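Residue numbers (the numbering used here), protein chains in the order written: chain V, -15 to 568; chain G, 4 to 290.
Note that these hints are calculated values from the structure, not bench results.
Any given hint could turn out to be false.
Below, a list of computed lysine-lysine pairs in the DSS-like style, where the Cα atoms sit at most 27 Å apart [stated by the list, open to error]: (1) V/K388 - G/K14; (2) G/K17 - V/K392; (3) V/K388 - G/K17; (4) V/K392 - G/K14.
All values derive from a computational prediction rather than experimental measurement.
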Amino acid sequence: MPADFNWAIGGEAGDGIDSTGKIFAQALSRAGRHVFTSKDFASRIRGGYTAYKVRTAVDPVQSVVDRLDVLIALTPRTIDENLDELHEGSVIIYDGDRTTMENVEIPDGMIGLDVPLKRLAEEAGGAIMRNVVALGAACEVSDFPIENLDSALEKRFGSKGQSLVDNNKEAARAGRDYVAEEHDHEFDYELETTDNDYVLLNGDEAIGMGAIAAGCKFYAGYPITPATDVMEYLTGRIEQFGGHVVQAEDELSAINIALGAARAGARSMTATSGPGIDLMTETFGLVATSETPLVIVDVMRSGPSTGMPTKQEQGDLNMMLYGGHGEIPRFVLGPTSISECFWKTVEAFNLAEKYQTPVYIAADLAMAVTEQTFPPEAFDMDDVEVDRGKVVDEESIEEWQNEKGQFKAHALTDDGVSPRAFPGTDGGVHMSTGLEHDELGRRTEDTEMRVEQVDKRNRKVETAREREDFSPREFGDSESENLVISWGSNEGAMTEAIEFLEEEGVDVNFLSVPYLFPRPDLTDEVESAENVVVVECNATGQFADVVEHDTLTRVDRVNKYDGVRFKADELANDIKAALQEADQ
Amino acid sequence: MSSDVRFTDFKSDKQPTWCPGCGDFGTMNGMMKALAQTGNDPDNTFIVAGIGCSGKIGTYMRSYALHGVHGRALPVGTGVKLANPDLEVMVAGGDGDGYSIGAGHFVHAVRRNVDMTYVVMDNRIYGLTKGQASPTSRMDFETSTTPEGPQQPPVNPMALALASGATFIAQSFSTDAQRHAEIVQEAIEHDGFGFVNVFSPCVTFNDVDTYDYFRDSLVDVAEEGHDPTDYDAAKEKILDASKEYQGVIWQSEKSVPYGEKHGLDTNMSEIDEGAPEGAMDLVREFY
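Given the sequences, and given the hints that come with them, work out the whole structure.
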């Protein structure tokens, strides 16, 4: 029996694919199994192919693979779309009574289970439960105790009444029993359960949770795929912690509302995707020049322009590193996993306030909208630290006033960081502006002051390099002559790819870089490696360019920009090919 | 807040670079008087401005202030006020800032009804870029970029506000100092979004909408016995293109400010030293 099990449900948008997939993922998680999900969806509300995939194992899983063991196919297209991943012995559950599925052909070597999903659902209380019947059938195929499904059904339907929960449980049992009685097959799968407690969440949710944990009280945003989950998560939750969410009229407004709240002293955030970042870039410069702490999340999707809104890409790196006219000090943090989405968000708020700068969180679709299991300790709130930087009060403010009693909000300091007075602080009255300004924040075109203010703002980056730890995360064999570097969500696939590569006798040293600016100096690692491969989901190798720039060394590239995240086994092949080519 | 605040306390020691005779001097003085008269002091006041001649106001006034980007002052004010309801927030802009580049924000700020005051210095021209047509310029107003006039009807700011669901609409004339300050004061005291369009003549580039023009044509609605809580009467005045009105034109008695509607009554600058109490419940939700 294989160590991991890959399951999917596919059909048309509007078929309830997402909620069914989530119920199964939750059932597995609650049964103490690790889960990693992925979604294949189109940018439309109804119709069009959509799928929810679940990979599960007793050991942690951090990526998707090119393999599908059980597929619930609600449409014939579902089978076609997944043909490459299905293998001999794969089970396809379908409803032969459905007109479109009547003449469906099950590929050679695979097991087709015709289950009257709709009829059994109707008998249990309503046709709408046909997906749950399919889940019951999947439980039988994978030898997964159906009781584990019950608690997920209670979580999903509990608020709508016990009878609905009971009907769904009955529907699941109908599916299980039908397979057991009507299909005389032996299946290879056995999903054992454990006593472990896991939580199951996606990257957008982890970012929202990290924001609340960090004391963020204010969020302004405009809905955009795939960042909307952040806003939806915060709505209704942040209020319980004294905060508020504003849905703005557009992204220009969203970042300016968030900026206003930050000026008032609140920890404040906005989240969007590439097209929204384009609009926000105008105000990004103001945020930096007015030295306002603000966290801006970019959940990247395929670009340019509207590109492919529901598909993966890491194409906005250059925009986050260099976007905006003039020269702008900033931080760009790139969480490399779902749990890191939480911790990097916490860190983003601290960096924003310690250095009074905008901080980008570079997330991507592959991480943001898919779920993964973690032990709850991975989000231990006791480990959350809050550092508000140089905030002055009525007593300490005098030190920062000039001879006229005016507060120097943009004082020239050795570390580049000025004192910060929240509005309402007696004696702290000051203005800030996007114009070049003096220490009081007033407009100036004085050549000396211009240079001093530019240097002061840029000094924050140097200070941060001295004070903060921007190390990469290390995996694999540190002695290997093969160095692989990546950023963002590729970490999970790459850590598993290391195992595939090991099986083929290829060892690699893998550095996953969570800080994109300021970033770690990788010169030593790059110089001491024989082969260097930079892995990223874009066409031109934006991070590879940066590595070459930093280390003055040419690197090889593995790029994927078809809209789909790296699969672990596929990535292993790509890296092997890149290394072989480098050796020739 | 203290009772011994004088309006000059809101004056900074920076000399304005507005042209001599600019209407913005009077507009600003009225704002400072209104702030002092409503019991505010610079430490609890936040002024937000955008770009253009009007945008310079934050430099010449003394308070907490942000001078932002063109057209986006209203969203900034919104964030400031919601994050700290204790602050008196005043947003200043020009006709280009408010009715052109920021028109979308204007409509939605009005809809949102945040308890702040929005003062628009309307001179019916772009001054700082040296005399191009603005959204409130007349159809036949000849400028460097519109030699035959814009040939488009001017935006009616009060009608735009009314159609967006405004709860307070007023118009004033910057040089009628006493009356202008009174009107801004009423806007500050209004529970909700107080919108004041101020005729603030540009003496350098606009030779049509001059002091003399406004002096001759202005009609004060208070003298006419206008009841600002009468919606139909307000609508009639606002859509009457034959006259220039001064005074509070419309004030809803049913205004509930955004913050009150959403229960926002605390200063959000105060946060815990670690994760807030009960944060672990957020994790358990994902079981």
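Here is what the structure says about each hint:
1. For the given pair, V/K388 sits about 14 Å from G/K14 by alpha-carbon distance, which is consistent with the 27 Å threshold.
2. For the suggested pair G/K17 and V/K392, the alpha carbons sit about 15 Å apart, so the restraint of at most 27 Å is met.
3. Restraint check: the Cα-Cα separation between V/K388 and G/K17 comes to about 13 Å, which is no more than 27 Å; the hinted pair holds.
4. Under the criterion of a C-alpha separation no larger than 27 Å, the hint pairing V/K392 with G/K14 is consistent with the structure, at around 18 Å.
Of the numbered hints given earlier, the model fails none.
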